[in-house]
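Student: Here is how the chains run, residue by residue.
Number of protein chains: 2
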Amino acid sequence: MKKIINEPDRFVDEMIEGILLAHPDLVKTPGTDPRVLVRADAPLAGRVGILTGGGSGHLPLFKGYVGMGLCSGVAIGNVFSSPSSQQIFEATKAISGGAGVLYLYGNYGGDVFNFDLAGDLAELEDIPTQTVVGRDDVASQPNERKTDRRGVAGIFFAYKAAGAAAERGDTLEEVAAIAEDVVEHTATMGVGLSPTIFPTTGAKSFDLPEGEMEIGIGIHGEPGIHRGPLETADAIADRLVTALIADLDLTAGDRVAVLVNGLGATPLEELYVLYRRVHQILTGLNISIAKKYVGEYATSLEMAGASISFLKVNDARLALLQAPAKSPFFEEV
Amino acid sequence: MKKIINEPDRFVDEMIEGILLAHPDLVKTPGTDPRVLVRADAPLAGRVGILTGGGSGHLPLFKGYVGMGLCSGVAIGNVFSSPSSQQIFEATKAISGGAGVLYLYGNYGGDVFNFDLAGDLAELEDIPTQTVVGRDDVASQPNERKTDRRGVAGIFFAYKAAGAAAERGDTLEEVAAIAEDVVEHTATMGVGLSPTIFPTTGAKSFDLPEGEMEIGIGIHGEPGIHRGPLETADAIADRLVTALIADLDLTAGDRVAVLVNGLGATPLEELYVLYRRVHQILTGLNISIAKKYVGEYATSLEMAGASISFLKVNDARLALLQAPAKSPFFEEV
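If you're matching them up, the sequences are chains B and F in order. Residue 287 in UniProt numbering sits at position 287 of the first sequence, and the numbers go up by one each step. Residue 70 in UniProt numbering sits at position 70 of the second sequence, and the numbers go up by one each step.
Heads up, a few of these hints could be off.
In silico negatives: residues of chain F with every beta carbon more than 10 Å from chain B [to be verified]:
#1 Pro30
#2 Phe80
#3 Glu222
#4 Pro229
#5 Asn314
Straight-line alpha carbon distances no greater than 25 Å define the calculated PhoX-like cross-link-like pairs of lysine-lysine that follow [claimed, not checked]:
#6 B:Lys292 to B:Lys312
#7 F:Lys2 to B:Lys204
#8 B:Lys326 to F:Lys292
#9 B:Lys28 to F:Lys292
#10 B:Lys292 to F:Lys326
#11 B:Lys2 to F:Lys2
#12 F:Lys204 to B:Lys2
#13 B:Lys326 to B:Lys291
#14 F:Lys292 to F:Lys312
#15 B:Lys28 to B:Lys326
#16 B:Lys326 to F:Lys291
The set of hints was computed from the structure by calculation and includes no laboratory data. Every value quoted in this text rests on a predicted model; they were computed, and no experiment measured them. Note that CB positions come from ideal geometry on N, CA and C, so glycine has one too.
Start from the sequences, fold in the hints, and give me the full structure.
Tutor: Right under this line is the structure:
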């Protein structure tokens with residue numbers, strides 16, 4: 001293992017401690033459980049709270065998007081493991097400002113189960129909740145079963161849009177509808193080049209022979225849709241973009257927001273080589289790029305690889321993407 | 001090689017193409033040479049221009065810091081290679097707004113040679129230049145030969161301070177003095193866990209047996225000062241922080257800005273585990289942390305490892321760090 005850590009069992013808590021020490025102006029632990037993190041100014045009276053959560057190991061997902069114009073709080077699990085329903089419930093109470101709470105997280109069984117349980121607990125305390133799950137991973141299920149897809153990097157778009165809506169004072173129903181609308185128009189596909197090593201066990205998240213790549217691999221190493229020799233950046237971009245265009249049914253004249261995301265070990269340089277090709281393809285098809293993001297937005301520890309996400313935008317979605325936001329890992333004002 | 005690239009020889013140019021396509025609102029190529037990149041609004045009449053440059057493979061160094069409140073332009077070399085004097089000269093002309101140009105870059109032989117040559121060319125065209133070189137790598141030379149040290153991640157502090165000074169209209173002499181003052185009070189030390197692979201040759205930047213670390217290793221794989229079994233994050237932080245405190249002669253009551261920087265493949269989670277310990281040590285010594293940065297600020301492609309930089313601050317330096325800035329990779333307003 002090539003990791004800068006202490007006791008593997010303390011990895012998640014020490015990382016959270018580091019975030020709290022580094023960003024006390026932005027985030028806080030509202031109670032005694034360090035796995036619950038909320039905006040420093042939470043709860044905001046009269047505003048919808050947005051709660052996300054999931055396993056650790058994906059920074060800046062999920063903790064990095066807690067802040068102004070983004071999420072209000074996060075419940076944090078162990079590496080690649082769901083937070084508990086109790087942690088989610090604690091976070092719910094901490095961000096509830098009287099206008100209800102939107103649960104917005106990736107579509108994974110454990111997360112769904114625990115968020116649903118927490119929602120029942122919240123109801124008993126008269127905190128209304130609604131749920132929208134990110135399900136943008138095109139490779140995980142075909143289009144006709146898209147509601148079963150896993151959620152990956154594209155959830156960033158939903159955070160950004162729903163967060164802007166909550167910030168301006170939209171109701172719970174409105175914020176949820178906006179999140180749902182964005183999720184519905186988001187698609188992501190990734191490529192993996194090397195696995196994550198689990199800090200606790202030293203095990204790999206998947207096995208891939210030297211010189212091979214896996215298209216459509218999940219951020220926990222879930223199987224993809226094609227494994228073969230590593231191709232050029234342009235060929236990889238062509239595969240991913242073709243799938244995304246088909247899935248979102250994009251045609252000439254459409255506008256998209258693009259996110260080229262690094263999964264961990266892949267250098268920023270390579271993400272720009274990918275972006276270049278994405279830009280060329282879309283421009284060639286007369287699909288315009290209304291907004292772009294290039295960097296690490298959702299990782300899998302030190303996994304090498306990248307993903308490409310598209311959000312089909314209209315004026316309303318674009319305006320929400322352009323609204324100001326400020327969190328430990330994302331600032332655009 | 002686990003790289004998402006096309007022809008290795010086209011890697012740098014395609015990466016620059018990607019940056020230009022992604023950020024046309026922030027940066028531009030002023031002439032025909034793609035290796036010269038300047039602020040989209042350059043030249044700024046009456047303002048000092050700040051030019052940086054160096055080899056590729058260190059994103060967000062150097063290209064990522066071209067923008068408002070940071071550098072005015074950059075001359076870009078091949079991976080780990082200096083840009084040419086001609087490229088530096090072209091960039092100088094493109095950012096010259098009549099108030100002179102500060103050359104601000106890392107202390108490496110090829111860069112020094114070519115920037116000096118370009119300065120001579122600029123003088124012939126009546127563009128005054130001054131030079132300040134980043135030389136913060138404590139492990140590269142002892143304190144008594146500190147002017148010979150290599151420049152690494154700590155140059156970010158100099159960009160930030162000098163950029164803020166140029167933005168507010170300081171003279172060339174003033175901007176240079178500020179950069180020099182910041183460089184003088186900056187110290188960095190790193191740890192390497194695995195090497196960079198060169199895209200063109202497939203060679204490693206250094207060899208390190210599995211399970212070992214190298215303290216003080218340079219961002220091109222230059223030898224460090226200690227090689228041994230990989231230690232815990234806390235032990236590594238102790239080593240680095242102890243060296244930095246001694247070098248900057250920090251004592252109780254002093255204030256510092258802290259940069260915990262990832263060298264490429266090391267996850268953000270681990271950087272926060274490191275930050276946690278840095279914070280504990282400094283607080284324990286009654287040295288206060290006036291500003292902190294945690295993330296990838298200067299990398300070495302997919303090298304695993306991290307560095308810690310301190311800038312000893314006073315009110316003037318801190319105010320310059322806090323001034324607004326906006327570039328493709330750094331935004332704080």
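Student: Could you run down the list of hints and mark each one as holding or not?
Tutor: Results of checking the hints against the structure:
no., hint, in the structure
1, Pro30, "20 Å, holds"
2, Phe80, "12 Å, holds"
3, Glu222, "19 Å, holds"
4, Pro229, "12 Å, holds"
5, Asn314, "22 Å, holds"
6, B:Lys292 to B:Lys312, "12 Å, holds"
7, F:Lys2 to B:Lys204, "16 Å, holds"
8, B:Lys326 to F:Lys292, "16 Å, holds"
9, B:Lys28 to F:Lys292, "17 Å, holds"
10, B:Lys292 to F:Lys326, "16 Å, holds"
11, B:Lys2 to F:Lys2, "17 Å, holds"
12, F:Lys204 to B:Lys2, "16 Å, holds"
13, B:Lys326 to B:Lys291, "17 Å, holds"
14, F:Lys292 to F:Lys312, "12 Å, holds"
15, B:Lys28 to B:Lys326, "15 Å, holds"
16, B:Lys326 to F:Lys291, "17 Å, holds"
Checked against the numbered hints given earlier, the structure satisfies every one of them.
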